[in-house]
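These are the residues of each chain, in order.
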Amino acid sequence: MTVTYSRRVANAGLGSFFHLLLRWRGSIYKLLYRELLIFTMLYCGLSIIYRFLLNEGQKRLFEKLAIYCDHYAELIPVSFVLGFYVTLVVSRWWGQFESVPWPDRLGVLVGGHVRGGDEAARLVRRTLMRYINLSGVLIYRSISTAVYKRFPTMEHLVQAGLMTAEELRQLEALPSTHSKFWVPCMWFVSLTMRARTEGRINNDVALTAILNELNSLRSQCMKLYSYDWISLPLVYTQVVTVAVYSFFLACLIGRQFLDPAQGYPGHDLDFYLPIFTLLQFFFYVGWLKVAEQLINPFGEDDDDFETNWLVDRNLQVSLLSVDEMYDSVPVMERDKYWN
Amino acid sequence: MTVTYSRRVANAGLGSFFHLLLRWRGSIYKLLYRELLIFTMLYCGLSIIYRFLLNEGQKRLFEKLAIYCDHYAELIPVSFVLGFYVTLVVSRWWGQFESVPWPDRLGVLVGGHVRGGDEAARLVRRTLMRYINLSGVLIYRSISTAVYKRFPTMEHLVQAGLMTAEELRQLEALPSTHSKFWVPCMWFVSLTMRARTEGRINNDVALTAILNELNSLRSQCMKLYSYDWISLPLVYTQVVTVAVYSFFLACLIGRQFLDPAQGYPGHDLDFYLPIFTLLQFFFYVGWLKVAEQLINPFGEDDDDFETNWLVDRNLQVSLLSVDEMYDSVPVMERDKYWN
Amino acid sequence: MTVTYSRRVANAGLGSFFHLLLRWRGSIYKLLYRELLIFTMLYCGLSIIYRFLLNEGQKRLFEKLAIYCDHYAELIPVSFVLGFYVTLVVSRWWGQFESVPWPDRLGVLVGGHVRGGDEAARLVRRTLMRYINLSGVLIYRSISTAVYKRFPTMEHLVQAGLMTAEELRQLEALPSTHSKFWVPCMWFVSLTMRARTEGRINNDVALTAILNELNSLRSQCMKLYSYDWISLPLVYTQVVTVAVYSFFLACLIGRQFLDPAQGYPGHDLDFYLPIFTLLQFFFYVGWLKVAEQLINPFGEDDDDFETNWLVDRNLQVSLLSVDEMYDSVPVMERDKYWN
Amino acid sequence: MTVTYSRRVANAGLGSFFHLLLRWRGSIYKLLYRELLIFTMLYCGLSIIYRFLLNEGQKRLFEKLAIYCDHYAELIPVSFVLGFYVTLVVSRWWGQFESVPWPDRLGVLVGGHVRGGDEAARLVRRTLMRYINLSGVLIYRSISTAVYKRFPTMEHLVQAGLMTAEELRQLEALPSTHSKFWVPCMWFVSLTMRARTEGRINNDVALTAILNELNSLRSQCMKLYSYDWISLPLVYTQVVTVAVYSFFLACLIGRQFLDPAQGYPGHDLDFYLPIFTLLQFFFYVGWLKVAEQLINPFGEDDDDFETNWLVDRNLQVSLLSVDEMYDSVPVMERDKYWN
Amino acid sequence: MTVTYSRRVANAGLGSFFHLLLRWRGSIYKLLYRELLIFTMLYCGLSIIYRFLLNEGQKRLFEKLAIYCDHYAELIPVSFVLGFYVTLVVSRWWGQFESVPWPDRLGVLVGGHVRGGDEAARLVRRTLMRYINLSGVLIYRSISTAVYKRFPTMEHLVQAGLMTAEELRQLEALPSTHSKFWVPCMWFVSLTMRARTEGRINNDVALTAILNELNSLRSQCMKLYSYDWISLPLVYTQVVTVAVYSFFLACLIGRQFLDPAQGYPGHDLDFYLPIFTLLQFFFYVGWLKVAEQLINPFGEDDDDFETNWLVDRNLQVSLLSVDEMYDSVPVMERDKYWN
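Residue numbers (my numbering), protein chains in the order written: chain C, 3 to 341; chain R, 3 to 341; chain E, 3 to 341; chain U, 3 to 341; chain F, 3 to 341.
Chain C extracted, bound-state conformation (with noise of 0.2 angstroms):
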């Protein structure tokens, strides 16, 4: 379920985005907690073989290996690779969510254009609407868990009362290899120029405007379609994946504290637990996990887009505006400020 905290910070008074550090879920914790845990056990399995299991020569020998280590980690230009890459993943991420498609601008159109009061007419009305919302289910099915754990087969759509039974016969009956989601766009063109034909829709303009909609309406899917199919370059992803590993594995030696007798410049004091290499992987791992959770939307993190609620959303409002709505306009009154 999508993380909303915009009405929390509506304004900026005295820490207003210190009271989001205290959420669970969609939190930094809930998704780090478990490799913090790993990274912690890790440095101290090493601390303590380093304190209580080397003996002197290789004591020295470590602590030669963690300043060096330390040295090098430094030179990882963690914070650069992962900025520019969290960049390029977040402007995929919205570029996605403006693919989404919504049916509502063809909700006006049908339910403007397509007329008659009668059961033929509410029938056209409300297939064209299906078709539309089916296209996008379609789609959603390939791209998004969410919505293919919903519905695992096609089976289910015709239950979920999304097609007919047969519909999903001749959508299995055409002879393509290729993703499908197109066909009850061909319908919707179908069922619109018999409309046109039968005078229910009685002038071309709006016909055009209609499958003009229906176009924008296709290219969207596509464009869900093309964002799951083109990834982001694996390379891109695994170069930021190495850096950021890389630099956490070269901390594991490099950040030992090291026995303060030996009087190694910077290593006084011995805390144990490295508490600024805890921090540092807290938000460089986190800002990772940013690029985890945006690089696919449409899975089920926290902070994924609500697949199903938009089904259901659209398929709703679909209906509502093309049936129940159609022709209705509250009895008019003259407004407060007449005259």
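Not one of these hints is a red herring.
Because identical chains share one entry, a pair is satisfied inside a single copy or across any pair of copies.
Subject to a maximum C-alpha distance of 35 angstroms in a straight line, what follows is the list of computed DSBU-like cross-link-like pairs (lysine-lysine): (1) K338 <-> K151; (2) K225 <-> K338; (3) K225 <-> K151; (4) K338 <-> K182; (5) K225 <-> K32.
Hints are computed from structural coordinates only; laboratory data are not their basis.
Dock chains R, E, U and F against the given chain C, drawing on the hints supplied.
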């Protein structure tokens, strides 16, 4: 209220930005002074403990700790993380402003295409524009604290003349749990279709243009709703907040003035108040405040969008455009450059 | 006046950017020399105090202070903050230029679709274009200091031939406290509708195209107005200004040449004037000046948009397009490549 | 073939990016292993020379050289240059993907507006779609190595059924030395006009909508062609390559393990293989490889667009859309939510 | 001429960018070698003075100066300033390319909608397209040095067949001091309106589509003109140039090899030529050259847009589209996949 200072910086003269530092409303001082006070007090508290309450041995330990904190605090890439994060927040902030629906374009089409000077025609035009404004206000109520305070219940909308009691009844009668901001849009559609049937709109091209413009407005409302619904991932905000806060926690200890007599490098002077750390606090936390202010521009910060002003302005200009200005052209005369 | 140097840098030759350093108008020197003078004088003042007025003990203290300031000044991430801020300002600057309304597109439609060579038709076409220009100028008056100086009162617009006295009267009679730049747009609509009724515009597609184009212009005017109204958040500008100014305040002390005899590291030489600090001043404050100049491109800086030129050019080209050029085609003849 | 891993990272779990490190196809290892081998061999070669072939005096000199190289290598801003460059390349890469022409939208219009179930009408519809696909393939042939290999001559297009022999003859007869990808577009126009004249397209709005859509496709083809023609300036690519390569050349010497007995600071240990330098090589050169892969996404890299798949998919879906799906609507029945 | 190397980097193989380093045309070497020579000569001159002409005391002073310069040169954030500046220049460069007007889309509409195979109709179609090309060339003449050289006077346009003598006469007769590139657009409008009146264009939708497309082209011309008129603020360019040049001025002194016998830290070796400083010069000044080349892409650099090629290509394709290709469809036959 939005803080406008464009005119103040129209010309780049001697220190034209400098003068901006002397403002209070919407200023960094107003936003920050409480945090700065808290930080200073904590710093002074620690300073007093170090200077007066610790014994010699504890002092030496504290000094080592301070040097340790100072060293590691510099590893926290605050400016980097903030730079990328604030850039993102600013781009969303402007994206939200660009999604604010203005009914002006629809005013042009309704005022032009819905013909007739009789009361019925006036009623149609005014009602159409009122529907549009109502849709906007319904969205604002769900995203803007200021508008919500002004219209805490739907009844207030009726009193404000934005909707009639009958419209409220029909709106509430509609069986849907989702946001109903789109319902006035559908009334708009139905009323437009009637106007077409009755011949007040006398051609199909105009009709389609009006519905198209309506759809643009509806999409903008949807976009505002989406910006509110899909916040920036909580994790990102938390990462940035943790980075900034932990940096200044480390500074509380690390930037203490240590006893110059101990001869620690860089600790030759004792100023009691760390002016540069306060400056850093000033612009790092100030930068974070930019994000806090902009992340939800529909709050009541000094710099947030004046949604209530928008509501009033849009209603007034809408009604003037389609009623007073209907079919009004000043007597034409030859302009000065004629031949 | 805008400083155009594209032609100067058409080819990347030996030091083609170097020649740009030799310009005065719109240059960094012209913008900076006063600030640079003040900075140098303050620096020299402090230098004189240190060298001649302080006693030995005070000198030692001052030296410690200088080293302290020098160290901490480097912690201020001036270049980082400036980089992000200026990028933002530049993108808004270009966004504003792209919102400048050009009546050319409307000239094409009005010149093409409003038929008739008689005086009445000419009057309609010229008046339509004048309305558009008037709307633009009304906006410019509220955002551009240069245009406001040229037309300090509405009466000046009448004298300049942009509106008639009757139009001014009607404009002022309209009961609205909000900006009335949109009123000429509504006159345009009414006049266009009349032209359609009278048959001067002979089809509805053209009519809708004209109104659509009008709406684009109106949106652009609105956008200019919005850029003016919604400034970059004051806090951001203040953060950047504080960062830059405090950096150079710290430099005033921290970059003093200390007595080489004291043997402070890095203080072996005494040049009296810190050439590199002046250079830093030059490009850091210069970079800030880029922001100062661009943050409001409708002022009277050397590099601001020439709004008055725009007003003149647009009026002239508009009237020529729809009047002199109306129905004008040179005698056609076969071109050189015929067969 | 495009490497899709969206599904793999749908949820941000424990180390979800970590698993991506274990892939081979499209991975950084596959791209880098040769460069890494060469680098390692050169490093070892130099190491052997230093350890076994140089005499004492030469060793001392080499050591000084190594320290010198190590110091200055750090002045090369590799990460900075790479960050900006890769961001640019990625944005062009996505821009190219967004320019890929999909005939789906045109399929909707042709399938809807070109009426008639007879063979002549089917022929018109199929031929129209074939022209569009042909235009796309002509562009692909000039920019994509994969498509060029599949259709090395125009004759291959005829064999593949994308054009007829007669069409090829006419295409080649046209006297123009420029790319002729637009010729099938003009055939499309002529054929559409005939369909309008013959009444298969029965209104002018539809006609204009079709031509408008055709123009969108043509513009996209043009854009693909432009991306190919206007490469990123060679100088930029060279600057980045020189920065990365010279950094690692400097590392070859500067990161050698020097004789710990000489007591150079930071040279207390001898690991034979510089693990951190190899890591740096890994992600700096890996980052550059991201650019190498994306700068021309129409090659045959693991991560390039699958143009041949696109060609097949588009042809199949186009023909299905306008032929099998023509006027096809499943029997309508009341949906599950009826009343 | 544009330097295209897309095909060279289609596949990311072993060092595929490395091969790009071996090019001369459009290369960094060609652009930089003079600057690099000058820099090297200045460096050597200073080196000779230091080694042979200064006495011991002066040498010691020079050495201190060198160390001073070296230290402060590193404070100049060259890479940062360049990164942001070049990103900006590159985005404007691509923005300019996207504003280049292609008459192809208009060719589709004119070729389709202006009916008639007789000479008069051909003349109308060819003249319309010639007007469009003429508008483009008028803009190019004012922004592109290459096109201006080709057509130094308007008379040359007549000779090149782009306009007739009569058209030139009328153009010059028009009383306006502003750029007249829009005049052929107005002729286009008038001629289109006549074609509509004469029935060659047989419907209003087509007419409006043509005028709309014309407006797109006109806007693009305007945009090119604006990019030329509104340069990047001179101050920004100067700031960047000063930063880069002053950095290398400081390097001239600061990177001199000092007498190793003096034992300055980091000055143990004497290589005579500072290879790393030359490398830095190579990519910092090279990066600046990217900006110099792209800031005005209508010059005659190796990498600038080939405007003259564009002029020729566009004229040829325009005329072919509307004349040879008019109403031309190859004989239709069943495609390979029929049933």
